[in-house]
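Engineer: Listed below, chain by chain, are the residues.
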Amino acid sequence: MGTVVSVEEHWALENALLDYLFAVDAMDDIDGMVACFTEDAVVDLTGLELGTYEGSEAIAGFYGQVFETMSHHMHTLSNFRVLACDGKTARVYAYICGMGRSHAGVDIQVYVYYDLKMRMTDKGWKISHFYEAPKLPMLDSVGQVHNSD
Amino acid sequence: MGTVVSVEEHWALENALLDYLFAVDAMDDIDGMVACFTEDAVVDLTGLELGTYEGSEAIAGFYGQVFETMSHHMHTLSNFRVLACDGKTARVYAYICGMGRSHAGVDIQVYVYYDLKMRMTDKGWKISHFYEAPKLPMLDSVGQVHNSD
Amino acid sequence: MGTVVSVEEHWALENALLDYLFAVDAMDDIDGMVACFTEDAVVDLTGLELGTYEGSEAIAGFYGQVFETMSHHMHTLSNFRVLACDGKTARVYAYICGMGRSHAGVDIQVYVYYDLKMRMTDKGWKISHFYEAPKLPMLDSVGQVHNSD
Numbered sequence: 001m002g003t004v005v006s007v008e009e010h011w012a013l014e015n016a017l018l019d020y021l022f023a024v025d026a027m028d029d030i031d032g033m034v035a036c037f038t039e040d041a042v043v044d045l046t047g048l049e050l051g052t053y054e055g056s057e058a059i060a061g062f063y064g065q066v067f068e069t070m071s072h073h074m075h076t077l078s079n080f081r082v083l084a085c086d087g088k089t090a091r092v093y094a095y096i097c098g099m100g101r102s103h104a105g106v107d108i109q110v111y112v113y114y115d116l117k118m119r120m121t122d123k124g125w126k127i128s129h130f131y132e133a134p135k136l137p138m139l140d141s142v143g144q145v146h147n148s149d
Numbered sequence: 001m002g003t004v005v006s007v008e009e010h011w012a013l014e015n016a017l018l019d020y021l022f023a024v025d026a027m028d029d030i031d032g033m034v035a036c037f038t039e040d041a042v043v044d045l046t047g048l049e050l051g052t053y054e055g056s057e058a059i060a061g062f063y064g065q066v067f068e069t070m071s072h073h074m075h076t077l078s079n080f081r082v083l084a085c086d087g088k089t090a091r092v093y094a095y096i097c098g099m100g101r102s103h104a105g106v107d108i109q110v111y112v113y114y115d116l117k118m119r120m121t122d123k124g125w126k127i128s129h130f131y132e133a134p135k136l137p138m139l140d141s142v143g144q145v146h147n148s149d
Numbered sequence: 001m002g003t004v005v006s007v008e009e010h011w012a013l014e015n016a017l018l019d020y021l022f023a024v025d026a027m028d029d030i031d032g033m034v035a036c037f038t039e040d041a042v043v044d045l046t047g048l049e050l051g052t053y054e055g056s057e058a059i060a061g062f063y064g065q066v067f068e069t070m071s072h073h074m075h076t077l078s079n080f081r082v083l084a085c086d087g088k089t090a091r092v093y094a095y096i097c098g099m100g101r102s103h104a105g106v107d108i109q110v111y112v113y114y115d116l117k118m119r120m121t122d123k124g125w126k127i128s129h130f131y132e133a134p135k136l137p138m139l140d141s142v143g144q145v146h147n148s149d
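Residue numbers (our numbering), protein chains in the order written: chain H, 1 to 149; chain U, 1 to 149; chain G, 1 to 149.
For reference, chain H alone in the conformation it holds in the complex (with noise of 0.2 Å):
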């Protein structure tokens, strides 16, 4: 597993992923958030047993509604790896521990991977394909949060 990139593709499609998690854990730029992927991008959380979201709107809607529900993120990256690169579209792989707190006062603490596919864009490598599902097995915590709103 892994591919032969450059290491400054390697950092510059790590760097596009800290983008997108930088924007999950502040929690208050939606236009920031949606600028993570190109305007086709489809968010596929049928691993976590929540939807789909395809295109700029639909995403939007999907990152507010949660924003609205938590009151702390903390996504932490680790295990970045290239599966694939032509320069023009990547495939992304990675660890993250996705940690949160709910305004209702419930933590959660999800241990997932990530597989993405980025696009290059005139504004840089963005997520056209992003999938994750859990590593480890999920606490009930998750659904909890998920009902208590």
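Hints are computed from structural coordinates only; laboratory data are not their basis.
Glycine included, every Cβ here is placed at the ideal spot set by N, Cα and C.
Not one of these hints is a red herring.
No more than 30 Å apart at the CA atoms, straight line, and that leaves these computed lysine-lysine pairs for DSSO-like:
1) K123/U <-> K117/G
2) K123/H <-> K88/U
3) K126/H <-> K88/H
4) K123/U <-> K88/U
5) K123/H <-> K88/H
6) K88/H <-> K117/H
7) K126/U <-> K88/U
8) K88/G <-> K123/G
9) K126/G <-> K117/H
10) K126/H <-> K117/U
11) K117/U <-> K123/H
12) K117/G <-> K126/U
13) K117/U <-> K88/U
14) K117/H <-> K123/G
15) K88/G <-> K117/G
16) K88/H <-> K123/G
17) K88/G <-> K123/U
18) K126/G <-> K88/G
Listed below are several chain H residues computed to face chain U (Cβ distance under 8 Å; list not exhaustive):
19) V7
20) W11
21) L18
22) H72
23) S78
24) R101
Pairwise CB distance ranges (calculated):
25) G61/H <-> P137/U: 25 to 35 Å
26) D122/H <-> D31/U: 46 to 56 Å
27) A58/H <-> A60/U: 47 to 57 Å
Assemble chains U and G onto chain H, guided by the hints.
Structural biologist: What follows is chains U and G alone, placed relative to chain H:
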């Protein structure tokens, strides 16, 4: 968020932070600890409801006390970003999971961000201003450690 | 701590360790697992109060048993450092949070450091000596897993 710097500059800055984390977790080398900072550095821990420490002597005193209190330390770094860098000074941001056990047997685990100013010296990048604050709510155990010695 | 190596060398070594972690977490490819090591590699797990495994056959046997015991694996890497590197051999250090669940339903989580010797081969960097030990005190659950099968 995130500034365009070369991969080499990014790596040199991240490596300076790893030097700091290694010294904090080694818990046995105050000189190596102090060497991570400029002589006039400020360590501002008010975000953790602790004090502010200015200059090598005060910084040595603070870490000396921490090392006496704790039996184990592990600080994991993720999501490192260069917010600004002009080659002589830089501002960097990162997530840290700070974990440890005190000699009194209390385990602590804090999820924080670091917001650091660094300065290029004749011995490489050094921390000139250190600030950290919780990214997730802190557990009561942190107060227990500080009350236990 | 930390040796001056090029960003490319640093990244190649880190990538070799990521290959190992990916194989450990995939839990389905003993050949890919063994391919992360030199043929004469030594896996010294005495720091975890486990055994020492020398050579491809013994290493395959060990990981085969682990993969049979566990239903989930996730090993997150951080604080990767190159301690020494002469282009042909290297010593690297890293933090790993090793998490998993056994088929018997026991969850484990260990906070360890890896201290590895690596060797450049015609197939890239491979692990020639593997050592890990706890960085934080281990929970009882680790013993439970090893007694549960």
